[in-house]
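Residue numbers (the numbering used here), protein chains in the order written: chain A, 1 to 647; chain B, 1 to 90.
Do not take every clue at face value.
[As the list claims (entries may be wrong)] In silico BS3-like pairs for lysine-lysine, Cα to Cα no more than 27 Å straight-line:
(1) B/Lys31 - A/Lys595
(2) B/Lys31 - A/Lys490
(3) A/Lys426 - A/Lys114
[Stated by the list, open to error] Quick list of simulated restraints, FRET-style, between CB atoms:
(4) B/Ile70 - A/Pro23: 51 to 61 Å
(5) B/Ile18 - A/Leu217: 35 to 45 Å
(6) B/Ile18 - A/Gly472: 20 to 30 Å
(7) A/Asp156 - B/Ala32: 49 to 59 Å
(8) B/Glu21 - A/Asp388: 32 to 42 Å
(9) B/Ile70 - A/Gln225: 43 to 53 Å
(10) B/Arg3 - A/Asp156: 39 to 49 Å
(11) B/Glu36 - A/Leu217: 38 to 48 Å
(12) B/Gln39 - A/Arg315: 12 to 22 Å
(13) B/Asn78 - A/Pro310: 45 to 55 Å
(14) A/Asp487 - B/Arg55: 14 to 24 Å
(15) A/Asp154 - B/Ile70: 54 to 64 Å
(16) A/Pro23 - B/Ile18: 53 to 63 Å
These are calculated hints, taken from the structure and not from any lab test. Every residue, glycine too, gets a C-beta built ideally from N, C-alpha and C.
For reference, the chains in residue letters:
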Amino acid sequence: MRDNKVQTILRVDLSTAKTCLEPLPEEWTAKYIGCRGIHSRLLFDEVPPGTDPFGPDNVLYIGTGPLEGTPIGMGRLSVACKSPRGTVAEGSCGGFFGPELRRAGIDYIAIRGKADRPVYLWLCDGKAEIRDARHLWGRKINETDALLREELSDPDVQFRYIGPAGENLVHSSPIFGNRDNSGGRAGCGEVMGSKKLKAIAVRGSGGIRVADYEGFLKAYQHFRQRVDIATSRDVWTPIWGAYGAPVIVRVFNDQGGIMTRNAQEMHWDEEKCNRVSAEPYLEKYVTRAKACFCCPLPACKKQHEIRSGPFQGFRGGNLWAAIPSVFGPLLDNDDLELIIVMAGMCNQYGLDVFHVAYTLAWGMECFEKGILTRADTDGLELRFGCPDKAGLLDLIRKIAMREGFGDLLARGCAEASRVVGKGSEKFALVIKGQELEAIAQRNSYMVALGVAVSEVGPDHTRWYPPHPGHPGLLKNEDLARLGVQLDLSKAAQGRNPEEKGKVLRWFTISRAIVESLPSCVFLIRDTLGFDLHPWHDLFQAVTGIQVDYTEFIRAGERVMNLDRAFLVREGFRRADDRPPLRMATEDVPEFGYPKLDASIFDRMLDDYYRANEWSLKTSIPRRHKLEELGLGDVATNLEKCGMEVET
Amino acid sequence: MIRLKLRYLAHVSMVTGILQEFHETQSSSLKALLKELDQRYCGFQSLFIPAESDRLNLNAMIFYQPLGKIPAPFVDLNSPLEDEATLTFW
Numbered sequence: 001m002r003d004n005k006v007q008t009i010l011r012v013d014l015s016t017a018k019t020c021l022e023p024l025p026e027e028w029t030a031k032y033i034g035c036r037g038i039h040s041r042l043l044f045d046e047v048p049p050g051t052d053p054f055g056p057d058n059v060l061y062i063g064t065g066p067l068e069g070t071p072i073g074m075g076r077l078s079v080a081c082k083s084p085r086g087t088v089a090e091g092s093c094g095g096f097f098g099p100e101l102r103r104a105g106i107d108y109i110a111i112r113g114k115a116d117r118p119v120y121l122w123l124c125d126g127k128a129e130i131r132d133a134r135h136l137w138g139r140k141i142n143e144t145d146a147l148l149r150e151e152l153s154d155p156d157v158q159f160r161y162i163g164p165a166g167e168n169l170v171h172s173s174p175i176f177g178n179r180d181n182s183g184g185r186a187g188c189g190e191v192m193g194s195k196k197l198k199a200i201a202v203r204g205s206g207g208i209r210v211a212d213y214e215g216f217l218k219a220y221q222h223f224r225q226r227v228d229i230a231t232s233r234d235v236w237t238p239i240w241g242a243y244g245a246p247v248i249v250r251v252f253n254d255q256g257g258i259m260t261r262n263a264q265e266m267h268w269d270e271e272k273c274n275r276v277s278a279e280p281y282l283e284k285y286v287t288r289a290k291a292c293f294c295c296p297l298p299a300c301k302k303q304h305e306i307r308s309g310p311f312q313g314f315r316g317g318n319l320w321a322a323i324p325s326v327f328g329p330l331l332d333n334d335d336l337e338l339i340i341v342m343a344g345m346c347n348q349y350g351l352d353v354f355h356v357a358y359t360l361a362w363g364m365e366c367f368e369k370g371i372l373t374r375a376d377t378d379g380l381e382l383r384f385g386c387p388d389k390a391g392l393l394d395l396i397r398k399i400a401m402r403e404g405f406g407d408l409l410a411r412g413c414a415e416a417s418r419v420v421g422k423g424s425e426k427f428a429l430v431i432k433g434q435e436l437e438a439i440a441q442r443n444s445y446m447v448a449l450g451v452a453v454s455e456v457g458p459d460h461t462r463w464y465p466p467h468p469g470h471p472g473l474l475k476n477e478d479l480a481r482l483g484v485q486l487d488l489s490k491a492a493q494g495r496n497p498e499e500k501g502k503v504l505r506w507f508t509i510s511r512a513i514v515e516s517l518p519s520c521v522f523l524i525r526d527t528l529g530f531d532l533h534p535w536h537d538l539f540q541a542v543t544g545i546q547v548d549y550t551e552f553i554r555a556g557e558r559v560m561n562l563d564r565a566f567l568v569r570e571g572f573r574r575a576d577d578r579p580p581l582r583m584a585t586e587d588v589p590e591f592g593y594p595k596l597d598a599s600i601f602d603r604m605l606d607d608y609y610r611a612n613e614w615s616l617k618t619s620i621p622r623r624h625k626l627e628e629l630g631l632g633d634v635a636t637n638l639e640k641c642g643m644e645v646e647t
Numbered sequence: 001m002i003r004l005k006l007r008y009l010a011h012v013s014m015v016t017g018i019l020q021e022f023h024e025t026q027s028s029s030l031k032a033l034l035k036e037l038d039q040r041y042c043g044f045q046s047l048f049i050p051a052e053s054d055r056l057n058l059n060a061m062i063f064y065q066p067l068g069k070i071p072a073p074f075v076d077l078n079s080p081l082e083d084e085a086t087l088t089f090w
């Protein structure tokens, strides 16, 4: 039975085939909590500036945190490394791997080096073995899962693996688990592929000890009241609880916030939108609900099957929130079955759905404007509305296998537009080389600021939820008592730049805490995003470590500052914290949203940097702030790297 | 008499049985409209406001879009409804 004060790390060197399990410093649990927080510290310390992302010195971290294995952990797992674009690559995902890893006596895996042939890592109760994976290389995710399950003859083994896309270093490929769960879309799968590591399998027989069971039970009951449909005071709880996250396509559309035809428009035909939303999905295709470990709100991972028509028999799952939005209106595609199959193919080949959707949308706009022709697209009529369904599905396969026109798209929007030129750069909806997600920016300034400043590229989970909640939920004086100085009514106004810097800072810090415990940010419902006392109580009850509330909040600030320090050390500056060109230069014809004016954006950016005490000029964290957080060594490291760190 | 477009999302469509409809009404405010819709769809009103209250439930949202204007959340249940407006209930 494990306690949760001291966390362990398994170090794996694939070049020498050596492994070693060691403890992390005990004080790190209070200082960085775990999971994403520990990864931020390790990444800054162990991956020096200028490291080749595909070289042996880049380290791939996979790990969880002290609350995992208890019901609050939700199976969350963080994967992190230096992204092939130079940013932090960190993402979290659910499933069952995290709890199993902890039961095996391991909290983190740090993988460096490169194997000389495809391998997989077998972990069982603290022991590690590097095994031959030549028979798995080239296999799709579902095939790999089935082969490994047969080979290890244990239905409870948990896996993380990459598909052909990760092996072929396709842009933005994530790491998968449970067939259709993915995380680390900023390229963690690419880095795993560069190390010739096909999979990790884990089995553990240990247990997790909660230090204060009564305290945990009380805090957990409080948490459940905030997320249960009957008691939650949150507009998203009933809608997600009953129908699942894909319903957001209609919610966003009705607010004029759905990116349509590569975000040239912000509102989609309502009949088309009705056809791809959660209501018909649930009625016609869902076969059963499936949740992550202990999740009380199984919104994301329903299993589905197409029962008739050209795709009859196609099965899959996890049509999570953004998929109908990016494979639907973004491509002007109202065929829900095609959406299900496109998402399923991305899962099977190990592709990032956002990369694929935005790159296809970029290609369609280029094609319709005559920048690309059939001579460029291997004969495919690459148009909005997806008239050639079979051709489009084959193009997804070609992207994963880097064949023909697929090889251009496999490089991602930013690189593909650089190769093609002719003004196509304006159609590439990217920030820091990474494609956007489903949430629109011109109608919501907090979203615009949030995706622009994220250290991993666009990722709304860094500051989820994207809408600050019901204005009547908390009064400003309630917030002030919680240490949050802001006017929530102004923060909740989509196109009012006031308070956006402050509310985004708070959300980023608090989400860093939740992802470090870990728990799932999608369960930040009701007041759980502002009042972190329930999370604080859970942390203390599980670990037995007593820290005051202010210090608990500081842990989130440390994580956020470490991520920023890594980013600026790699050369990113204020100029990189910008929305895509389209959002800054084009008005939306319908619903009347104007472009996001540069002066408005700069004002919000100033407010955000000022609230964080970062340099307004460069975005580099200031020394006194880093020292206040106990990160003086980080300031010194940045100075040694020749950076101007303001006092 | 005004004509409204009403859209029902997710769990709300479980009460109405339809995703959207056009509705002609003499109700001049959202509060009156909710009462009217409750007579057609039993339990509709309680999804959005507690009995004898002028405040929207904290787990409910209604977006209001006057014709040709940007949609926004309803905050005042007594504010007037305009002809050809769209209301989204969730």
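Do the hints match the structure? See the list:
Under the criterion of a C-alpha separation no larger than 27 Å, the hint pairing B/Lys31 with A/Lys595 is inconsistent with the structure, at around 35 Å. Only pairs whose Cα atoms come within 27 Å are accepted, and B/Lys31 paired with A/Lys490 is accepted, the gap being roughly 25 Å. A C-alpha spacing of about 37 Å is found between A/Lys426 and A/Lys114, which places the hinted pair above 27 Å, so the restraint is violated. Under the hint 51 to 61 Å, the C-beta atoms of B/Ile70 and A/Pro23, about 56 Å apart, fit the expected range.
Under the hint 35 to 45 Å, the C-beta atoms of B/Ile18 and A/Leu217, about 43 Å apart, fit the expected range. Separation of B/Ile18 from A/Gly472 is about 29 Å and conforms to the stated range, judged on CB atoms against 20 to 30 Å. For the hinted restraint 49 to 59 Å between A/Asp156 and B/Ala32, the CB-CB distance of approximately 58 Å keeps it satisfied. Roughly 36 Å separates the CB atoms of B/Glu21 and A/Asp388, a value that falls within the hinted 32 to 42 Å.
A hinted range of 43 to 53 Å for the beta carbons of B/Ile70 and A/Gln225 is inconsistent with their spacing of about 35 Å. For B/Arg3 paired with A/Asp156, a C-beta distance near 59 Å fails the hint of 39 to 49 Å. For the hinted restraint 38 to 48 Å between B/Glu36 and A/Leu217, the CB-CB distance of approximately 46 Å keeps it satisfied. Range check, B/Gln39 to A/Arg315: Cβ separation about 43 Å, and the 12 to 22 Å hint is violated.
Separation of B/Asn78 from A/Pro310 is about 52 Å and conforms to the stated range, judged on CB atoms against 45 to 55 Å. Against the hinted window of 14 to 24 Å, the Cβ-Cβ separation of A/Asp487 and B/Arg55 comes to about 20 Å, which satisfies the hint. Checked against the given bound of 54 to 64 Å, the beta carbons of A/Asp154 and B/Ile70, roughly 56 Å apart, stay inside it. Evaluation of the 53 to 63 Å hint for A/Pro23 and B/Ile18 yields a pass: the beta carbon distance comes to about 60 Å.
Comparing the model with each earlier hint shows violations of hints 1, 3, 9, 10, 12; every other hint is respected.
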